[in-house]
Amino acid sequence: MTQTQYQLRTTICTPSAHMPDANQLALVLGESAHDDKTFAGLNYEDADGNLYAVCSTVAKPLFAEMAGQPLVAPAHAPDVDLESATRAQALLVIEDRTSGDPVPVQASPDHIAVILDTRFGEAQEHIASMGLTLVPSEEEL
Amino acid sequence: MNILNDGLLMGQILGGGRRPDPLRALIASLYGDGQQGAMFIPKPPVLGQQVLFQDSDGTTPVTADGDPVGLMLDISGRGNHASQETSARRPIYRTDGSISWVAGDGIDDGLVVPDYFVRDADQFMSFAIRMGAPKLLRYLAGGDRDSYLGVILDEVAGQARLRPYVRTTSGTDASDGAGRIATGQIAIISLRWTRSTGLFECYLDGQLDSSFSATPADIAPRATTSQYGLLYRTGSVDQPLNADLIGAVMVSGTVDDTLRASAESYLSQLAGVTLP
Chain L
539 MTQTQYQLRT TICTPSAHMP DANQLALVLG ESAHDDKTFA GLNYEDADGN LYAVCSTVAK
599 PLFAEMAGQP LVAPAHAPDV DLESATRAQA LLVIEDRTSG DPVPVQASPD HIAVILDTRF
659 GEAQEHIASM GLTLVPSEEE L
Chain Z
5 MNILNDGLLM GQILGGGRRP DPLRALIASL YGDGQQGAMF IPKPPVLGQQ VLFQDSDGTT
65 PVTADGDPVG LMLDISGRGN HASQETSARR PIYRTDGSIS WVAGDGIDDG LVVPDYFVRD
125 ADQFMSFAIR MGAPKLLRYL AGGDRDSYLG VILDEVAGQA RLRPYVRTTS GTDASDGAGR
185 IATGQIAIIS LRWTRSTGLF ECYLDGQLDS SFSATPADIA PRATTSQYGL LYRTGSVDQP
245 LNADLIGAVM VSGTVDDTLR ASAESYLSQL AGVTLP
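Chains as they are written, first to last, in the working numbering: chain L, 539 to 679; chain Z, 5 to 280.
Read the hints as simulated data drawn from the structure, not as lab findings.
Here a beta-carbon is modelled for each residue, glycine too, at the ideal position from N, C-alpha and C.
Among the hints, erroneous ones may be present.
With a straight-line Cα cutoff of 27 Å, these simulated DSS-like cross-link-like pairs (lysine-lysine) come out [said to hold, decoys possible]:
1. Lys47(Z) with Lys598(L)
2. Lys575(L) with Lys598(L)
3. Lys139(Z) with Lys575(L)
So, partial list: chain Z residues that the calculated Cβ filter (under 8 Å) puts toward chain L [to be verified]:
4. Ala68
5. Asp69
6. Ser91
7. Ala92
8. Val116
9. Leu140
10. Asp150
11. Thr176
12. Ala178
13. Leu203
14. Ala221
15. Asp222
16. Ser240
17. Gln243
Next up, chain L with everything else stripped away, as it sits in the complex (with noise of 0.2 Å):
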């Protein structure tokens, strides 16, 4: 079996108010055109109850290299609102556990905060990490 290409895990964590731009950044730097769906729900709250969408993902090294150049549209989005997503780009602020001294990033209403881990990083870990708990769920039954 040959080894795969997606080397990263990558949690982001993004403030209600910039879904919108996040998922015209997910549109870039993702591999799919219905990408625009990435952040979908604010399921997660930091201690003073500020709500944020999450998404994690594996990822392959080019996905962090993209991310910090300026952006351009991929082939399966063309339509992608650039200016959305570089104003989504500008809030990044990375944890990146591929280094050797990375530092600790929150979840903060004013940035969309980001962990980079090795693949064999834990989602759950990550948004431990970050100050976030899941928001109690509806139940429908």
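Based on the hints, put chain Z in the right spot on chain L.
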């Protein structure tokens, strides 16, 4: 889309003079009379065909431990493939060399199965999973706003409790199971709805975990969307489960105790465990 050649597959299963292998025999038993449903075994090749793909269009095969899974082909021959269009929501293919699974992170991962449910038929589902970190009200399988039937794994004192439900034209009924599933534990979970009597049963590792009598009625959606979720429930409140999915059998049709035991036995072999 139907990447598998369904006709060929069913022909391989049912025809020929050779003794069928256990998987082909199980598929023939569960679906051979035209039953609707789906079967998922998350290994790259199954029955000689690639069944896992990184993208939902099925263009890039899963070839390595750690690849995302955007499409998992239904090997029942019914063409009810599971997919995920949004790349960040794709679960991950993992293997330890002996067993294989798709890992749901419990944050946003899940796969969508088409609405295969025959409304006036009996229903059966069986899953092999390895439990991750339990949380409140997480869905191993479910439809939007608890459509059809499904099962929640709900945190109780640090372990998971089964909370199966069925939604019919008469309403929704649910029960709480007696057993508990610890983090890291492999479990074989089965649901069975008998349309004619209204009996709903949930089994954990081959033993009855809970049951209830509901009004005999057709199985039903409650929402406008009819898709069905694995490792989460479809809809705006998706409540994903942190768990590894090792195998799944889903049937709109009658599955008696003998056939249920056969399905559970096969899934337990996939998971490398022996049922009591």
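(request) Mind checking the alpha carbons of lysine 139(Z) and lysine 575(L) for me, to see if they're no more than 27 Å apart? (result) holds (24 Å)
(request) Identify whether the interface hint at valine 116(Z) stands, where standing means a beta carbon of chain L within less than 8 Å of its own. (result) At 11 Å from the nearest chain L Cβ, valine 116(Z) fails the 8 Å test, so the hint is violated.
(request) Have a go at the threonine 176(Z) hint: is there a Cβ in chain L nearer than 8 Å to its own Cβ? (result) holds (6 Å)
(message) Does the closest beta carbon of chain L sit nearer than 8 Å to the beta carbon of serine 240(Z)?
(response) Since the shortest Cβ distance to chain L is 6 Å, the answer is holds.
(request) Return the status of the interface hint for aspartate 150(Z): holds when the least beta-carbon distance to chain L is below 8 Å, violated otherwise. (result) Holds: closest Cβ of chain L sits about 5 Å from aspartate 150(Z), inside 8 Å.
(request) Tell me if leucine 140(Z) is really an interface residue toward chain L, meaning its C-beta lies closer than 8 Å to one of theirs. (result) Holds, because the Cβ-Cβ distance from leucine 140(Z) to chain L comes to roughly 6 Å (cut-off 8 Å).
(message) For lysine 47(Z) and lysine 598(L), compute the direct alpha-carbon distance and say whether it is at most 27 Å.
(response) Distance ~22 Å between lysine 47(Z) and lysine 598(L) Cα, so the pair holds.
(message) Less than 8 Å between beta-carbons is the criterion; does glutamine 243(Z) satisfy it with respect to chain L?
(response) holds (5 Å)
(request) Please verify that hint: alanine 68(Z), Cβ, nearest Cβ of chain L, below 8 Å or not. (result) Check passed: Cβ of alanine 68(Z) comes within 4 Å of chain L, closer than 8 Å.
(message) Quick check on leucine 203(Z) please, does its C-beta sit within 8 Å of some C-beta on chain L?
(response) Not OK, violated: leucine 203(Z) not within 8 Å of chain L, min 19 Å.
(message) For the restraint on aspartate 222(Z), tell me whether the closest CB of chain L is nearer than 8 Å.
(response) violated (19 Å)
(request) Verify the interface restraint on alanine 92(Z): the C-beta must sit less than 8 Å from at least one C-beta of chain L. (result) holds (4 Å)
Checked against the numbered hints given earlier, the structure breaks hints 8, 13, 14, 15 and satisfies all the rest.
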